[in-house]
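Number of protein chains: 2
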Amino acid sequence: MLDDMFDYLENIRDRPVWQPMPGKVRARFCEDIPRSPTDLSAVHEEFLQDVLPFAAGNVHPGFMGWVHGGGTPVGMLAEMLASGLNANLGGRDHAPVEVERQITRWVRAIFGFPETATGLFVTGTSMANLIAVIIARDVALGFDVRNRGVAAEKKRLTAYASSAAHGTIAKAMDLCGLGSDALRLIPTDSRQRMNMYALEAAIHEDREAGRTPFLVVGTAGTVDIGAIDDLARIAELCGRHELWFHVDGAYGALAQLAPELAPRLGGIERADSLAFDFHKWGQVPYDAGYILVRDGQLHRNAFATAAAYLRHAKRGLAAGAEWPCDFGPDLSRGFRALKVWFTLKVYGTDALGAMIGRTCGLARYLESRIAETPELELLAPVELNIVCFRYRGEDSDRLNEQIVVALQDSGIAAPSTTRIGGRLAIRAAIVNHRTSCAEIDALVEHTLCQGRALEARVMERAAAGATELSSPNAPGDSHAYCRISHTMAGEPGGSTTVAAG
Amino acid sequence: MLDDMFDYLENIRDRPVWQPMPGKVRARFCEDIPRSPTDLSAVHEEFLQDVLPFAAGNVHPGFMGWVHGGGTPVGMLAEMLASGLNANLGGRDHAPVEVERQITRWVRAIFGFPETATGLFVTGTSMANLIAVIIARDVALGFDVRNRGVAAEKKRLTAYASSAAHGTIAKAMDLCGLGSDALRLIPTDSRQRMNMYALEAAIHEDREAGRTPFLVVGTAGTVDIGAIDDLARIAELCGRHELWFHVDGAYGALAQLAPELAPRLGGIERADSLAFDFHKWGQVPYDAGYILVRDGQLHRNAFATAAAYLRHAKRGLAAGAEWPCDFGPDLSRGFRALKVWFTLKVYGTDALGAMIGRTCGLARYLESRIAETPELELLAPVELNIVCFRYRGEDSDRLNEQIVVALQDSGIAAPSTTRIGGRLAIRAAIVNHRTSCAEIDALVEHTLCQGRALEARVMERAAAGATELSSPNAPGDSHAYCRISHTMAGEPGGSTTVAAG
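Heads up: the protein sequence lines correspond to chains A and B, in order. Following my numbering, the numbering of the first sequence begins with 38 at its first residue and continues without gaps. Following my numbering, the numbering of the second sequence begins with 38 at its first residue and continues without gaps.
Rather than coming from a laboratory, the hints here were simulated on the basis of the structure. Be careful, since some hints might not be right.
Stated by the list, open to error - Quick list of in silico lysine-lysine cross-link-like pairs, BS3-like style, CA-CA up to 25 Å:
1) A:K192 x B:K192
2) B:K351 x A:K351
3) A:K191 x B:K192
4) A:K61 x B:K351
As the list claims (entries may be wrong) - For each label pair, taking beta carbons as the anchor points, the in silico distance ranges come out as:
5) A:G60 x B:V62: 52 to 58 Å
6) B:D44 x A:D40: 36 to 42 Å
7) B:D44 x A:E409: 55 to 61 Å
None of the values given here were measured: they were computed from a predicted structure. Heads up, the beta-carbon is just placed ideally off N, CA and C, and yes, glycines get one too.
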């Protein structure tokens, strides 16, 4: 099994990025619950045949669809060790909890947080954002709100984030009972950064209306284009208005490890809380989200509870002053810290920072390829490692949507789509450490190839007098696509000559 | 690394269940964040020296401290595969999501839920309970509460659980904004089951006071003694009063797999939602919690959101009608389903059910050993696999607390403590599939040994005219303990003759 995974990772370029599951494979997942045992080797064989070939593809260097990390063999091995130890990091006194505490010290060091800061592994930034919103809620309303509920309080809280902020902020407002309407989405400037004047005005307006502003969320790396809010100005504003300053740095925060990018995050060290994922730019296998809170006492007050079966003892296995379950919603918690510990130790933060810088270089290289290609158009500034562009043409939204599906189907590249200023964009998020100029070139070439083929088809049909265009998503459509095989994607150092961005 | 873990699991009985970390080991976790790379083998060596020997011990058959599963090599290998694939199960169209859907079908089959039921992996039951409370909240207040917040609603919701229910129910009420005061803790009968008359009365009283009862949480396996509420009667009551019926089956729900235990869970098939963990009795490595919701549409309505970067396409990688992120708070989600898939396939549900039944048999065996030992006293009925007892003696709470710390320090057995009717109990939760009569005998023998030694010490001191007893938790105390080595714990089939319970 281990050899199979090493082979998979080593030869990932020989595989398609992604391929649709045939119906007969999908049907095999409908078999009944197994009452009798099956040989491990047979189950592994099933995994090799039915699961492995049909993964999402984010291990592959051609995956650029969403902000997913690529994983590493080191992370995989560490997860195997963690799983064998089978540690529950809810609390108690054992080495796995010490490893998580060490990561907290390291995360504090990365972001310049004080020793009073506490941290916690969670699934991902969605959960980390929820934790931050709950702490901010409880600080604003007083910790007694935990017992009394938000309806018992007279204050009507309002929060602020840019319109480019991730939807999990609104969802956190919903889940914690404040309601997503209480989140004001502040307009952005031309680079999708929160407009600070609009923010100040919105706060003023809410205060005038008798509401209680309590939280501003700055984004470090927006999901659509990787924009970074002016964190220093938000910190200053939050200080002045006594608001909680949370940074959603889901993927962008770790740019802090790249010396040339870190200045762009200036102000992050002044946040009251910071959420980010190690499984994105950190390349740690899923899932490994993190929440860091400046004032550990507030963090604890928002989550600690007392229960006889969770009583901390002074000695023995139930000892330990601070248990992780007192800092978040989870009592059962796997050993996420170990894969991060291995990743940081084996690669070192310098190399991780260099890799993060390299992905941004690749984005600039893609930007330059787009600039020199008349059929392509850049739709948003390249802030970090995300490039939003499109193939120019009539009925452009539909055309580019078809191009993206065709690229995904081809197995060569897997970008995704998003909307920029109302227009559908091909979105390439370059997160995987395996991605090189070769994959960028393949993306450009095959976008052109697919775009031309689709346009030719439209013209052919028009010439043939076809009055009705088929649905863009009809299964039969793929036959019209430019026929390409994933083995054409090229390897780094192959025949395609490229200059590193 | 893999060989080391196999050796670890194979020879776990040669190790102490748990041992305290020496100060010098703990200090090594204070080293600075590593900027430069380190050889993987060196980091692994560090893991072997500083982490592995100081784990919590739940892999060990002598661990009975909390309701932790023991893990399996199969689960470990599956987690390695999942980690190599590095799948994010937030959404999109790939095989890992199909594996999770298959688990949903299997979980429905286990608990007799209809095809409309939806499910989701989460970290653990704490999170699963939170999800259930949020769905119930939204159903009671209308889904618009997601936007407007609970304070905008006139209804004041109240929920009900037994006083033996897990603290995460109250925490869920806190986190979702309703406040933990709105949870009524209903008294229990002599077997720690919710008193149904008291429940009915509490609902009546709240209605009279203008409040809106919305949720009853039944517990399948209370944390202290493993009691199971009368789920069928709660189902009937909830139907009559139109209340949401949630079952917290964190560890007890999987008793459904054991034919002799399943009838005790009668009524669970009528729950609106059910939370449980695969990492407890299911022996799946941490973490693998699960939430099952009868009406998938309500589940979806409570969690789905719309975002451009999460747009579902009709074809390609972004296809798939139902994305897991629409059913819970997580967008980044590891591939928990794979270790459950491997566990259920390789062992089969019959064998898992037999193993669960066996742990309950061991609890009855421990009960019989306590009954035949005059120095020991049972403090609560043995409902499933948890046994609460104590060593009789003066200053019993303090004495038993010292016994438990001494047992943990000895490395032979690791029970925990809880309070039953105000009295400190030694709590043995027999969850690990590796536990046998030998470990039960060792627990009894060494409880007696420690109890006698501690009592003798008190008498010695009294005889010597010592006027001041040392603190029960002073580090020096351990020198007075009965000296035992973990190698005395015995192996199954060894010299200790025992009858399987």
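Item checked: Enumerated hints in conflict with the structure, sorted upward -> 2, 6
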